[in-house]
Amino acid sequence: MEPVTATRLRIERLTGSAADAEAVVGPLLNEYVRWCVDRLVEEGHDIGDPAEAVERHHAVFRAELPTLLGPRGRLLVAVRQSSGNGDGAVAGVGALKPVDAGTAEVKRMYVRPSARGQRAGRALLRRLLTDAAALGHREVRLETARFMTEARELYRSLGFTETGPFAGNEAAVSGFEEHVVFLRLRLPDERVLSSIE
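Sequential numbering from 1 applies to the sequence shown in the UniProt record's numbering.
Please keep in mind that the hints were generated in silico from the structure rather than gathered at the bench.
In this text, a Cβ means the ideal position worked out from N, Cα and C, and glycines have one as well.
You can take every hint at face value.
Per label pair, the in silico range of CB-to-CB distance:
| hint | residue 1 | residue 2 | range |
| --- | --- | --- | --- |
| 1 | A134 | E178 | 30 to 38 Å |
| 2 | A59 | E178 | 19 to 27 Å |
| 3 | D49 | R186 | 32 to 40 Å |
| 4 | R116 | G88 | 14 to 22 Å |
| 5 | G44 | A101 | 37 to 45 Å |
| 6 | A63 | G164 | 20 to 28 Å |
| 7 | G70 | V41 | 28 to 36 Å |
| 8 | R186 | P113 | 25 to 33 Å |
| 9 | R39 | G117 | 18 to 26 Å |
The whole structure should be built from the sequences, with the hints applied where relevant.
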């Protein structure tokens, strides 16, 4: 019988250069965007050249890296800690992009399938919302694909409500707006922050 390996996740903030951060999360984000594009294609949506769509979204991420790594932004990873193989493997990612003095946007929330069910997404979101409130943001917004039902359930369980498309939304980069739900949450709301645990 094989030994059971206990796995834990820790949330880390990435700092430093954009090149260093991209080396850590770039492969994970490519996996995420490819998954989204493939899923939309499977559902019969015409998105043009899938490879071009992936590259457009990765180019947006590269352009946003300095802001995400800046003092009012956040780029977080969920790192798998286990007593067996895989120590230090990045299992998830989430980012906070400042939009203006009182608004931030949650970006790039993604947890690898192998780490789902371990509350990694909830832990990443909790940290992002806590940091957003600490930075003085009063509203957090995000966009998520309609097919991401589990993610939408998590967001709604924390008080996010549906809103219309906002200026600068990423779905517009590839004409995905009709496939996306736009959500927002007012901060601080201690009830929300404490319910995330």
